[in-house]
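Number of protein chains: 2
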Amino acid sequence: MTPASVAELSRALGSSAVLTAEEDLREYRDPYSYAGWDDATPAAVAMPGSVDEVRAVVRWANEHRVPLWTVSQGRNLAYGGPAPRVRGSVLVSLRRMDRVLDVNEELAYALVEPGVRFFDLYEHVRGRGLWASLPVLGWGSVVGNALEHGWGYTPNGDHASNACGMEVVLATGEVLRTGMGALPGSRSWQAHKRGFGPSSDGLFMQSNFGIVTKMGVWLMPQPERYVACLVTTPRQEDLETLVDVLRPLLLDRTIPNHPLLGPAIGAPGWSLRFALYGRASVVDAQQEIVSTAFSVIPGAELATRAYAGDAVAEDARDADPFHRFQAGIPGMEALEVVKMRAGEHGGLLDFSPVGALSGREAAQLCDLVRSLVERHGFDYTPGVIVTPRSLLHITPLVFDTTDEEQVRRAFDAYEALVPELARAGYGLYRAHLRFMDLVADTYDWGDHAQRRFNQRLKDALDPNGILSPGKQGIWPRSMR
Amino acid sequence: MTPASVAELSRALGSSAVLTAEEDLREYRDPYSYAGWDDATPAAVAMPGSVDEVRAVVRWANEHRVPLWTVSQGRNLAYGGPAPRVRGSVLVSLRRMDRVLDVNEELAYALVEPGVRFFDLYEHVRGRGLWASLPVLGWGSVVGNALEHGWGYTPNGDHASNACGMEVVLATGEVLRTGMGALPGSRSWQAHKRGFGPSSDGLFMQSNFGIVTKMGVWLMPQPERYVACLVTTPRQEDLETLVDVLRPLLLDRTIPNHPLLGPAIGAPGWSLRFALYGRASVVDAQQEIVSTAFSVIPGAELATRAYAGDAVAEDARDADPFHRFQAGIPGMEALEVVKMRAGEHGGLLDFSPVGALSGREAAQLCDLVRSLVERHGFDYTPGVIVTPRSLLHITPLVFDTTDEEQVRRAFDAYEALVPELARAGYGLYRAHLRFMDLVADTYDWGDHAQRRFNQRLKDALDPNGILSPGKQGIWPRSMR
Numbered sequence: 001m002t003p004a005s006v007a008e009l010s011r012a013l014g015s016s017a018v019l020t021a022e023e024d025l026r027e028y029r030d031p032y033s034y035a036g037w038d039d040a041t042p043a044a045v046a047m048p049g050s051v052d053e054v055r056a057v058v059r060w061a062n063e064h065r066v067p068l069w070t071v072s073q074g075r076n077l078a079y080g081g082p083a084p085r086v087r088g089s090v091l092v093s094l095r096r097m098d099r100v101l102d103v104n105e106e107l108a109y110a111l112v113e114p115g116v117r118f119f120d121l122y123e124h125v126r127g128r129g130l131w132a133s134l135p136v137l138g139w140g141s142v143v144g145n146a147l148e149h150g151w152g153y154t155p156n157g158d159h160a161s162n163a164c165g166m167e168v169v170l171a172t173g174e175v176l177r178t179g180m181g182a183l184p185g186s187r188s189w190q191a192h193k194r195g196f197g198p199s200s201d202g203l204f205m206q207s208n209f210g211i212v213t214k215m216g217v218w219l220m221p222q223p224e225r226y227v228a229c230l231v232t233t234p235r236q237e238d239l240e241t242l243v244d245v246l247r248p249l250l251l252d253r254t255i256p257n258h259p260l261l262g263p264a265i266g267a268p269g270w271s272l273r274f275a276l277y278g279r280a281s282v283v284d285a286q287q288e289i290v291s292t293a294f295s296v297i298p299g300a301e302l303a304t305r306a307y308a309g310d311a312v313a314e315d316a317r318d319a320d321p322f323h324r325f326q327a328g329i330p331g332m333e334a335l336e337v338v339k340m341r342a343g344e345h346g347g348l349l350d351f352s353p354v355g356a357l358s359g360r361e362a363a364q365l366c367d368l369v370r371s372l373v374e375r376h377g378f379d380y381t382p383g384v385i386v387t388p389r390s391l392l393h394i395t396p397l398v399f400d401t402t403d404e405e406q407v408r409r410a411f412d413a414y415e416a417l418v419p420e421l422a423r424a425g426y427g428l429y430r431a432h433l434r435f436m437d438l439v440a441d442t443y444d445w446g447d448h449a450q451r452r453f454n455q456r457l458k459d460a461l462d463p464n465g466i467l468s469p470g471k472q473g474i475w476p477r478s479m480r
Numbered sequence: 001m002t003p004a005s006v007a008e009l010s011r012a013l014g015s016s017a018v019l020t021a022e023e024d025l026r027e028y029r030d031p032y033s034y035a036g037w038d039d040a041t042p043a044a045v046a047m048p049g050s051v052d053e054v055r056a057v058v059r060w061a062n063e064h065r066v067p068l069w070t071v072s073q074g075r076n077l078a079y080g081g082p083a084p085r086v087r088g089s090v091l092v093s094l095r096r097m098d099r100v101l102d103v104n105e106e107l108a109y110a111l112v113e114p115g116v117r118f119f120d121l122y123e124h125v126r127g128r129g130l131w132a133s134l135p136v137l138g139w140g141s142v143v144g145n146a147l148e149h150g151w152g153y154t155p156n157g158d159h160a161s162n163a164c165g166m167e168v169v170l171a172t173g174e175v176l177r178t179g180m181g182a183l184p185g186s187r188s189w190q191a192h193k194r195g196f197g198p199s200s201d202g203l204f205m206q207s208n209f210g211i212v213t214k215m216g217v218w219l220m221p222q223p224e225r226y227v228a229c230l231v232t233t234p235r236q237e238d239l240e241t242l243v244d245v246l247r248p249l250l251l252d253r254t255i256p257n258h259p260l261l262g263p264a265i266g267a268p269g270w271s272l273r274f275a276l277y278g279r280a281s282v283v284d285a286q287q288e289i290v291s292t293a294f295s296v297i298p299g300a301e302l303a304t305r306a307y308a309g310d311a312v313a314e315d316a317r318d319a320d321p322f323h324r325f326q327a328g329i330p331g332m333e334a335l336e337v338v339k340m341r342a343g344e345h346g347g348l349l350d351f352s353p354v355g356a357l358s359g360r361e362a363a364q365l366c367d368l369v370r371s372l373v374e375r376h377g378f379d380y381t382p383g384v385i386v387t388p389r390s391l392l393h394i395t396p397l398v399f400d401t402t403d404e405e406q407v408r409r410a411f412d413a414y415e416a417l418v419p420e421l422a423r424a425g426y427g428l429y430r431a432h433l434r435f436m437d438l439v440a441d442t443y444d445w446g447d448h449a450q451r452r453f454n455q456r457l458k459d460a461l462d463p464n465g466i467l468s469p470g471k472q473g474i475w476p477r478s479m480r
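So the protein sequences, as listed, match chains A and B. To convert, note that position 232 of the first sequence is 232 in the working numbering; the numbers rise steadily by one, no gaps. To convert, note that position 362 of the second sequence is 362 in the working numbering; the numbers rise steadily by one, no gaps.
These are calculated hints, taken from the structure and not from any lab test. Fair warning: this is a prediction, and the values are worked out from it, not measured in the lab. All C-beta atoms in this analysis are idealised placements derived from N, C-alpha and C, irrespective of residue type, glycine included. Careful, some of the hints might be misleading.
Okay, the calculated beta carbon distance ranges per label pair [claimed, not checked]:
| hint | chain 1 | residue 1 | chain 2 | residue 2 | range |
| --- | --- | --- | --- | --- | --- |
| 1 | A | A280 | B | D310 | 27 to 33 Å |
| 2 | A | H448 | B | L101 | 19 to 25 Å |
| 3 | A | E63 | B | D379 | 55 to 61 Å |
| 4 | B | E314 | A | R305 | 39 to 45 Å |
| 5 | B | M340 | A | V296 | 51 to 57 Å |
| 6 | A | R305 | B | T304 | 33 to 39 Å |
Next comes chain A alone, as it looks inside the complex:
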């Protein structure tokens, strides 16, 4: 990248939309890496403000053969933040594309740009009878989170599955609308999944095949009643039974959201958070079923708090923050937890293998991760996201980012854990930047059939290899 090419980019986007000063670029390194390390940083940051400006960046990158690295908000902190995989990439930050383009109250969906944060979407839907699902930190991008297969805590918490319809700028600069969006004038782009022919939405998630510039998000109607539930059990060995009691309640939709399971605080047992939503009479019946179900675990306790759907923002103000998250009210409390555990400069890596939702397998997976994590000198404090048939066993490795030895130990542990877990049949659903290749290596069925398939698509869609090379272990031909 030459000064002349940067000047050309600045002319296209406006000079305030292209950052090259060292102090600006430093903000785009991995925030949870050791500051003294020579990590990959971007050579410049481009902040397009429109689809046409994204196209301009892509055309510029093709012309000058400069690798781009796209982030929406760049808040993917536990997995590398906004940092690029390849040194010298131009970081494309989509923060300026922050419009909520549509909120349809009747059909309960929104259409958003990638710069829209969970905080922003909340402000747009509050008081309108709609709740948006969100993860524990509200500053992230709604689009970015879904594209990374992120999860939240309302019944629409499988964010990737609750995306409906995308607009994507391809590496060629062409613009694609997926699903019903391919039909001009369609009114069901955000209402109906899949259009005519193959669906490409899944291709643009955890990938480097395009830059998503618009995405539909399904919302839930504000329920008449919402009950936040917390089950605690007294013993570590309760896990197997707890999971086996929970699973049928998820499969038959008694519990409609994705529970969060973790070690109980200050006790050897487990805690399980979930919620009920709906008409009061239905929720009452469900609560009775839930209460009876968990009572088979000796010593288990179920704490519940019921809210009127239209009063949660007020009434849950001083409650457990999770009561707000499950009601679509964003917060930043989780960041404080890291600081409490590891100081002002605390950081973490998330290690996130997936298992099937049987009690036996959950216990096996937890025991395995616990022993490995503790062997590497870290506390075992997982947050396990539960789906009706699987669990995402997310274990933060927490450290002080100013302590080089601690940071190195966390990265070393991660590197050691990936192949050990893969040998036991557990793959990661998401990975830190540094370990994308390592994790992709474990998905090697059929002599790396998936890698070859992804590479073939990459070469066809992005012949110059400009879009996020190395993301999820997918490299363009020139860099393989």
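Chain B: place on chain A using the hints.
Using the frame of chain A, we list chain B on its own:
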């Protein structure tokens, strides 16, 4: 295709697995076309019995540059049946690959080959506490139906969304496992959607990018109580209110399955079929809500019939067949309806535009299709599948296949309807063989961005263009 190449194929699969006799091939024409027309028929039928034999067929086709046309059961009757798009294709019938490879009672899923029919899966899961979703005809392929974006009537009725994990033979002969199946030894292939990196499952639906040889199917646990519901309204103009009353009940999951809406039989109003499933106390509360909701429509009646989940097969034996379909019990009654309407040789085309689920739009779409269909001389008898945010307005054009003039009129009507509906913003979710190009033409946003994207993938994945050329309007380079 030479006699020598056919002999080679016969040697690879066994001579009984390759059909070339004219009377055998005749069975693979479009069953609902006029018999006297010179429709495209296959040059031969290959019936591989294993993944390796599918690979052998694909390698053979590449070597001899013969187009293949793959069907699972070939029962896609209203859209062309097993007939190929291109004359002289070798039809690949997967009927012999008919194994149910796994039924997981704990996690409520099955893993099936493409030759498994809804009848077969039902036999495998009955008495084991699991219900499989199915469409009105039980003889179709479970895999084939999901791949064509088909719908059924349990809460897992969005068959494409309830597929989890695929194995696919690519045009190169390579075998790909999607999602968690890319990790050797993973136990969550059928339990967790999406693996690491982009998801390609959607690419293999309504497409010609691969041959699906295994697919996971999510099942539902047998409920304690199941209530079949039928709402009838007295007036044609009730539609708008009916839809607006129904939508919130779907969005808040009071009604968990996909209702079927249609003109009431023998009356000017509408009928709406749906069901409630779950624990008795919850279903009772839901039934009360539903009953109150629809009572706002003057003259509307709600008929319900409650079943114990474990006794439906017995107790619904003489009930409305739909009571069985909503409980996952397959049947063939719908075929009789066509014969009742158009005689022993009755046939039909399904015309299937998608709209958003608002009362106003539903009324507009129904009025538009009604006027067009009636203008072409057909009765308007739609079956509208309703999702929480959209509707699939499926209108059969019914005719006597032995009456050339009737058949021609149906095809002419279809051809006229596609562009008229597209101009109003309604695209088809699926199309008859003859109109795949026409329908693909209507999905032309961004100067046919979708077509160019699909063609790029086609050329990368299937350079010789052997897999189902023309399917969904996607043609390989050599045939464009």
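Among the hints numbered above, which are violated by the structure, and what are their numbers in rising order?
Violated hints: none at all, because every hint is consistent with the structure.
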